[in-house]
Each structure stands twice: as structure tokens, then as C-alpha cells.
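Trainee: All chains should be modelled from the sequences, with the hints used to inform the complete structure.
Just so you know, the sequences run in chain order A and B. Per numbering that gives the first Met the number 0: the first sequence = residues 0 to 421. Per numbering that gives the first Met the number 0: the second sequence = residues 0 to 421.
The set of hints was computed from the structure by calculation and includes no laboratory data. Hints are not guaranteed to be accurate.
The list treats identical chains as one, so a pair stands whether inside a single copy or across any two.
Stated by the list, open to error - In silico EDC-like links for lysine to aspartate or glutamate, alpha-carbon gap of 20 angstroms or less:
| id | residue 1 | residue 2 |
| --- | --- | --- |
| 1 | 251 | 263 |
| 2 | 216 | 395 |
| 3 | 46 | 60 |
| 4 | 260 | 395 |
| 5 | 326 | 300 |
| 6 | 216 | 10 |
| 7 | 216 | 159 |
| 8 | 236 | 258 |
2 protein chains.
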Amino acid sequence: MITELVSVGTEILLGNIVNTNSAYLSEKCAQLGLSVYYQTVVGDNPKRMKEAISTALGRSDIVILTGGLGPTEDDLTKEITAEVMGFPLVEDPHSRELLEAYMKEYEKNNSQRRITANNYKQAMVPKGALVLDNHNGTAPGLIMEKDGKTAVLLPGPPMEMKPMFEEGVFPYLRRLQPEMIISQMVKICSIGESQVADEIQDLIAMQDNPTIAPYAKTGEVHLRITAKGENEKECRKLIKPVVRELKSRFGKNIFAIDEQKTLEEAVVDMLRDQGLTLALAESCTGGEIASRIVSVPGASEVFGHGFVTYSNRAKRKFLGVKKTTLKLQGSVSEKCAKEMARGGCLAAKSDICLSVTGLAGPTGGTEETPVGTVFMGCCYNDKIIVREFHFTGNREKIRQQAAAHALSFLRECMLEGVIRKD
Amino acid sequence: MITELVSVGTEILLGNIVNTNSAYLSEKCAQLGLSVYYQTVVGDNPKRMKEAISTALGRSDIVILTGGLGPTEDDLTKEITAEVMGFPLVEDPHSRELLEAYMKEYEKNNSQRRITANNYKQAMVPKGALVLDNHNGTAPGLIMEKDGKTAVLLPGPPMEMKPMFEEGVFPYLRRLQPEMIISQMVKICSIGESQVADEIQDLIAMQDNPTIAPYAKTGEVHLRITAKGENEKECRKLIKPVVRELKSRFGKNIFAIDEQKTLEEAVVDMLRDQGLTLALAESCTGGEIASRIVSVPGASEVFGHGFVTYSNRAKRKFLGVKKTTLKLQGSVSEKCAKEMARGGCLAAKSDICLSVTGLAGPTGGTEETPVGTVFMGCCYNDKIIVREFHFTGNREKIRQQAAAHALSFLRECMLEGVIRKD
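Mentor: Have a look at this one:
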């Protein structure tokens with residue numbers, strides 16, 4: 000079914016916010032097997048909104064609108080969509096009740112602010128529409144159907160929109176589909192995007208059902224395999240050989256076959272499974288790797304301490320890097336990465352220490368050590384492996400790539416048996 | 000002038016990438032005084048592209064297209080826009096030259112890959128179009144004018160698009176404007192978005208020339224003041240009293256009046272100006288603050304060492320937090336934040352240490368210490384200030400807010416004279 004996304008909000012047209020809703024909804028639609036042909040953004044202007052909504056309903060089967068459901072006079076998405084589709088607005092008693100409860104709670108916590116009567120307009124709904132409760136805000140979501148066309152109206156803030164979509168819209172749209180659609184994610188690290196693309200060129204060329212869609216992330220490539228079938232079992236049966244094929248091609252470089260699992264989670268899981276503790280000794284990444292590890296709930300089981308040793312003094316004092324190393328080889332060197340990793344293990348009394356030292360730029364590059372040069376060390380049981388990387392891009396991009404590749408590097412060391420608790 | 004942004008690329012419709020180009024271009028257009036009425040995304044489909052481009056050129060004066068300029072058969076933006084506007088394609092010798100030089104360099108560095116003849120299609124340009132060199136890729140940008148309509152074609156990758164826009168398109172569009180447009184940024188921290196909105200409600204209500212547009216970021220609010228006038232001097236004269244008024248309303252909470260300057264840069268500058276060194280003792284933020292400080296080129300002058308003490312053991316060992324504190328008050332407490340800050344100063348021998356300890360969730364919350372509770376300490380000259388925060392949202396959002404507010408908190412301590420080198 001042809002689907003169109005319409006985002007309403009002058010704040011998007013002014014560039015005040017990035018339209019992440021469309022990316023989220025597009026990925027969900029792809030997962031549902033819906034073909035998104037257009038994404039449109041229009042401001043809070045009645046004439047242009049009417050035009051955009053009419054055009055969308057004219058050329059698409061399903062139109063998903065976000066934004067413009069709030070209490071202010073500018074919020075007109077519901078009113079205009081109802082008008083275009085020919086629905087009168089009536090008050091929904093259940094929505095009114097929820098709204099009053101929410102407002103009471105809000106006023107209790109924000110004594111200086113009163114919610115105005117204007118808010119009650121949020122309890123008005125197109126007659127016959129399916130109403131979706133909003134557990135994270137005041138504006139309910141709506142689904143309207145007429146003449147084979149479906150309009151889905153969702154609040155603009157992602158914190159309200161996403162849970163509502165997952166809970167109410169995703170299952171609804173799945174039921175609209177004549178066929179069942181199931182998708183499965185395969186997440187890959189340690190190989191570049193272009194290499195992954197090369198290695199699955201034949202699979203992509205002959206894809207039909209299931210399809211394979213690659214999503215490039217910093218230091219990772221995600222492949223989504225989507226199958227259509229009469230029921231879940233049939234879909235799973237179609238997906239299975241493709242996942243098996245991908246596993247045989249990418250082997251250990253696959254770190255997750257789970258939608259939600261991140262690379263840092265995969266690393267934390269591996270450490271936990273082996274009962275190992277990790278320390279980090281970061282220079283150019285400056286705490287970025289630690290921050291990613293700490294983003295995993297329960298990371299404390301495996302990670303207790305990170306050193307951000309940005310200065311040479313700190314590298315010497317806290318990690319015991321030798322003065323001569325810094326003088327002769329410099330801080331961006333194999334030797335320094337080695338000494339940082341060993342020193343981190345000793346200082347933190349951890350099983351493993353991962354060290355990263357490099358030159359993120361923009362200045363300081365030389366012919367031998369250009370900007371983007373990064374050395375990483377991994378110490379375990381007094382053995383140390385060091386690897387050299389060369390990244391491109393600006394300071395921010397180099398640091399992000401270094402952090403992502405550091406997680407992959409640590410994972411590889413664990414996989415290759417360099418790190419293995421006896 | 001009415002402006003429309005058209006992004007071309009199936010990868011956006013599949014949700015593979017977030018359309019940050021549109022946010023960037025929208026903000027730039029706002030800065031130029033151009034009214035963006037629509038943003039449209041269309042896939043690499045000739046029929047729908049033709050439709051979208053015709054519609055855009057019909058209803059807008061300026062259409063800025065991104066993506067679809069590459070060497071593959073799917074890349075059709077140039078061909079279709081030229082067809083819609085009635086321009087034949089001819090080879091541009093200068094573009095051909097640049098392309099050959101780029102490809103030679105590429106093949107030297109990537110010995111296994113050959114660039115195909117298909118690439119030369121990138122040197123074909125609409126006859127009479129203005130050609131914009133691409134210093135970061137192969138596809139040149141293009142500006143076409145006909146019958147009072149202007150089409151600007153830019154490559155899709157932000158790393159190529161942004162420098163090309165800044166260098167070639169921004170000055171071009173500025174010249175198109177009958178009036179000069181100048182804008183000035185005022186960046187605010189330590190006050191919430193809604194409070195800023197309340198305090199400038201009167202200014203926004205009566206705004207005409209200059210206009211004020213607020214942009215909310217995590218822990219920051221940016222206000223862009225944009226003036227139109229006959230020349231730069233006139234614009235600056237209009238902007239000046241507004242900036243003065245904002246300075247009188249927000250005072251020291253303004254951390255920058257410079258487009259590019261970040262909060263971490265402002266903090267690093269203040270530390271450098273006062274000749275002070277900083278250490279960080281992070282628990283729940285897990286290196287996020289260190290990473291933001293390190294993102295500033297030259298941060299090494301003021302920042303040498305950060306402690307990520309995620310475990311209680313690390314807090315004791317490296318920062319000297321007392322066993323009884325952890326036992327009686329717990330790690331998320333005022334006392335712990337104090338001891339972390341003092342211990343960090345001593346261990347790193349720095350002038351200042353900023354400490355952060357809190358509960359990012361999702362589990363572990365209690366009635367007294369709910370998820371989102373964060374304590375921060377700032378130690379200088381053996382004096383310590385502690386502040387308690389309560390953030391909302393998921394683990395990631397709580398950690399990001401904590402990092403942003405920690406930078407503001409440190410800045411406030413420096414401003415209020417708590418930290419002042421004698």
C-alpha cells in the first residue's frame with residue numbers, strides 16, 4: 000500500500016528541529032511492507048495544510064500525519080484533516096476524562112502554571128474515528144478511515160509519538176496488510192559499509208521476498224531482512240535461510256540479530272558471560288567509549304573505572320606511561336597505546352584494559368602521523384595487542400569512529416581467544 | 000521569496016538515514032530571510048521526481064534539491080530538473096578535469112577499486128548553469144535560473160553539501176535578496192526553554208524587523224535575531240538594541256553571541272582565561288562530560304584528566320570517597336558528590352574538579368531517590384558547592400541532560416566568583 004508521511008510544524012520549516020519522526024516512521028513502514036513514496040513537511044498554515052493533506056490523500060492509501068494536535072490556535076491538523084475527509088468533530092468523553100486527570104496532576108507539580116480552557120479542544124475528535132490514548136501527553140492520536148483511505152494522526156513530540164505508534168498504530172497497520180510481514184535485523188561490525196555492500200551484491204540483486212535493506216551507522220552496518228507471507232511461520236521460514244547465508248558470509252562480525260541490541264550491549268554481555276571486568280584508558284576519545292559502555296543498564300557489573308588521560312602528565316601519573324615513550328615515540332604511538340593498556344589493568348585491577356590514543360585534529364598532523372591516526376591497545380593477562388587505524392573526517396567524526404571501532408576491536412580480541420578466562 | 004526544499008533519495012523514504020540536510024538548509028534559509036513553505040522527500044523514481052520538481056517550481060521561487068547527483072543510473076536529479084526547466088546537458092570541461100584528478104587520487108589510495116566510466120556523467124551540466132566545484136566529492140553542484148525561478152542542486156552527503164552551500168550558495172542567495180539580511184545568535188544556558196519563552200513573550204509578540212526565533216537544545220536555548228535592511232550597517236543597528244535587551248534580561252546566562260561557539264567551548268575559554276585546570280569525576284554521565292570537553296580543539300591546555308568512577312570501589316580507590324558515605328548516604332548523595340569533587344582535585348592536582356553522581360535508571364529508583372536524581376559538586380580551593388537536579392526521560396536523556404547541566408553548573412560557579420584565581 001502507498002503511504003505518505005506528512006509532518007506539520009513551522010518549527011521544522013525553520014530548521015529549529017530535525018525531523019527525526021519521518022525517519023522513525025519510514026523505517027517502521029518499511030518493516031510493515033508499506034511503500035513510502037513521499038515525505039512532506041508543511042507549516043501551521045491552514046491553506047497550505049489543506050492542500051498538502053488533500054494531495055496526500057489523493058495519491059496515497061495511508062497518510063500518517065505528525066504534529067499540530069496540541070491545544071493552541073496554531074494546532075490545526077485534526078480540524079483540517081477532518082474537514083478534508085468530511086468528518087464532524089464531537090467531544091470524546093474518555094479523552095476529556097484523561098485530559099482532566101493529566102491537567103490536575105500537572106497543576107499539582109507546576110503550581111505557577113494554569114492550563115487554559117483551550118486545552119479541552121484536544122478532547123474533540125472526528126466522529127467515528129479510532130481514538131488512541133496518549134500516556135505521555137495530552138493530545139490523543141486518531142485513526143480515520145473513509146473511501147479506502149486511512150489517515151493516522153499522531154502528536155509531534157517523539158516521546159509521545161513513538162509509544163503511541165508502537166502500541167496502537169503498528170498493530171493496526173499490520174492488520175490492514177493483506178499479508179503478514181516479519182522482519183529481522185542482522186547487525187555487523189568490524190567491516191566497512193562498502194565491503195558489506197560488495198559481499199551481498201548478489202543477494203540484493205536477486206532479492207524479492209524476503210528483501211534485504213542495509214542501514215549504515217558509524218562503525219556498524221545493519222541489514223534488515225523483511226519477508227511477506229500468509230502467517231508468521233511462513234515469513235520466518237523465508238527469513239531463516241537468508242540469515243543463515245549472512246551468518247556464513249559475515250560470521251563473527253555479526254554482533255546482534257536483535258532489533259534493539261547495541262554494539263556496547265553486545266560487548267557488555269560478552270564480558271558478563273565470561274565474568275571479566277573492563278577498564279578504559281582513553282585519550283582522544285576522551286570518555287566517549289566509557290559513556291557508551293555506561294549507557295547500557297547494568298554495565299556496573301563489568302565496568303567500574305575509566306581513565307580519561309588527555310594530557311601526557313595524566314598518562315604518566317595514572318597509567319605509568321614512560322617518559323621516554325612520550326619523548327621518543329610520542330603519545331600517538333603503538334608503544335604508548337601498549338603502556339596505557341597495561342597501566343590501566345594494573346591501576347584499576349581489572350581483567351582487561353582497552354586503550355585509545357590518537358590524533359583527532361584539526362591541527363597537529365605530520366607526514367608520519369597524520370590527523371586521524373589512532374592506536375588502540377587491549378591488555379589481558381599481561382598480553383597486549385595493538386592495532387593502528389586511520390580515520391577521515393573532522394574532529395568529531397574521527398572521535399566517533401574511534402569509539403565505535405574500539406568497541407569492535409575489544410569484541411574481536413574476545414572472539415579470537417586473546418581474551419579468555421580459564 | 001518562497002522557497003522549497005526537495006530531498007531526493009529512497010534511503011530517506013526507507014528511514015535508512017535521518018534527513019538532517021533539510022534542517023540545516025531550513026535554518027540557513029531562515030537566516031537569509033527566505034520563507035520555506037514546504038520540504039518534500041521523494042525517492043529515486045523518475046515519474047515521481049518529475050512530479051515533485053514540477054510542483055515545487057510551480058509554487059515556489061527557489062527550489063533547493065539535495066541528493067541524486069551521483070554516478071549511478073538511479074541518480075537522476077540533474078537530468079530531470081534540466082528536463083523540467085528545458086535545459087540541454089553539455090559536458091563541462093572544468094568539471095571533467097576535477098573529476099579525473101579526483102579519480103586518479105582515489106585509485107591511488109584504493110588500489111582494488113576502479114572507478115567506472117559512468118562517473119563521467121557527473122561532468123555533464125545543464126547548458127548555462129552556474130557550476131559549483133565539489134571539494135569533498137565528485138558531483139558538482141548546480142544553479143539554474145529561468146523565468147524568475149531558481150533551482151539549486153546540491154550533493155546529498157552532508158560533508159559535501161554543507162561546505163558547498165556555505166561557499167557558493169549562501170552568497171548567491173544573499174545577492175538574490177532585494178534586501179540585506181543579517182542574523183545574530185544569542186545562546187543561553189542555566190534557564191529552561193519554557194522560562195526563556197515566557198521572558199521573551201512580549202518581544203516575540205511585537206517582533207517584525209528584526210525577528211527572534213528560539214531553538215531548543217538539550218540544556219540550552221538559542222535565540223536567532225534576524226534583521227532585514229538596505230545594508231549590513233542598517234541591519235546591525237536594528238539587531239543591536241534587541242541583543243542589548245536580551246543581555247539585560249538573561250545577563251550571565253548568555254554564554255555565546257557567536258553562531259559557532261558551543262557551551263563546552265565557552266567553558267574551556269573561561270578556564271583558559273583564568274589560567275585554571277579542570278578535572279572531572281563522573282559516575283552516571285560516564286565520560287560524557289569529558290568527551291564534550293575533549294571535543295574542543297586545544298582542550299588539553301585546561302583539561303588533563305577525567306575519572307569515570309562508575310563503581311563504588313573506583314569512587315573509593317581513585318577519589319577517596321569514604322566507605323561510610325557510600326554505606327550511609329549512598330553513591331547518589333550530596334555527600335558523595337562532595338567527596339568525589341574534593342578527591343578529584345587532590346588526585347589530579349587540578350585547580351577545579353567537577354563531580355557528577357546520579358541515577359540514570361531505568362531501575363534502582365526509590366521514593367527518596369527517584370530515577371533522574373543527580374548530584375553535582377564543584378571543588379575549588381578546598382571549597383565545595385553541591386547542587387541537586389531532577390531530570391526526566393529515559394536513561395540516555397537523563398545522562399545527556401546531566402552532562403549539559405554540569406557544564407552550565409561549572410560555568411555558574413566560575414561566574415559567581417566561587418572559582419576565581421587570585
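Trainee: It remains to establish, for every hint, whether it holds in the given structure.
Mentor: Consistency of the hints with the structure:
For a Cα distance limit of 20 angstroms, the shortest separation of residue 251 from residue 263 inside one copy, 16 angstroms, qualifies, whereas the shortest one across copies, 39 angstroms, does not. Taking identical chains as interchangeable, the C-alpha atoms of residue 216 and residue 395 lie at most 20 angstroms apart whether they share a chain (15 angstroms) or sit on different chains (18 angstroms). In the homo-oligomer, the alpha carbons of residue 46 and residue 60 lie at most 20 angstroms apart only across protomers (18 angstroms), although the nearest pairing inside one protomer, at 22 angstroms, exceeds that limit. Taking identical chains as interchangeable, the C-alpha atoms of residue 260 and residue 395 lie at most 20 angstroms apart only when they sit on different chains, with a minimum of 15 angstroms there against 24 angstroms within one chain.
With identical chains, the CA atoms of residue 326 and residue 300 are at most 20 angstroms apart between copies only, with a shortest distance of 19 angstroms across copies and 37 angstroms within one. Taking the shortest Cα distances, residue 216 and residue 10 sit within 20 angstroms of each other only across copies (13 angstroms), while inside one copy they are farther apart (27 angstroms). In this assembly of identical chains, residue 216 and residue 159 lie within 20 angstroms of each other by CA distance solely across copies; the values are 18 angstroms between and 25 angstroms within a copy. For the homomeric pair residue 236 and residue 258, the shortest alpha-carbon distance inside one copy (18 angstroms) is at most 20 angstroms, but the shortest distance between copies (54 angstroms) is not.
In summary, this structure violates none of the numbered hints.
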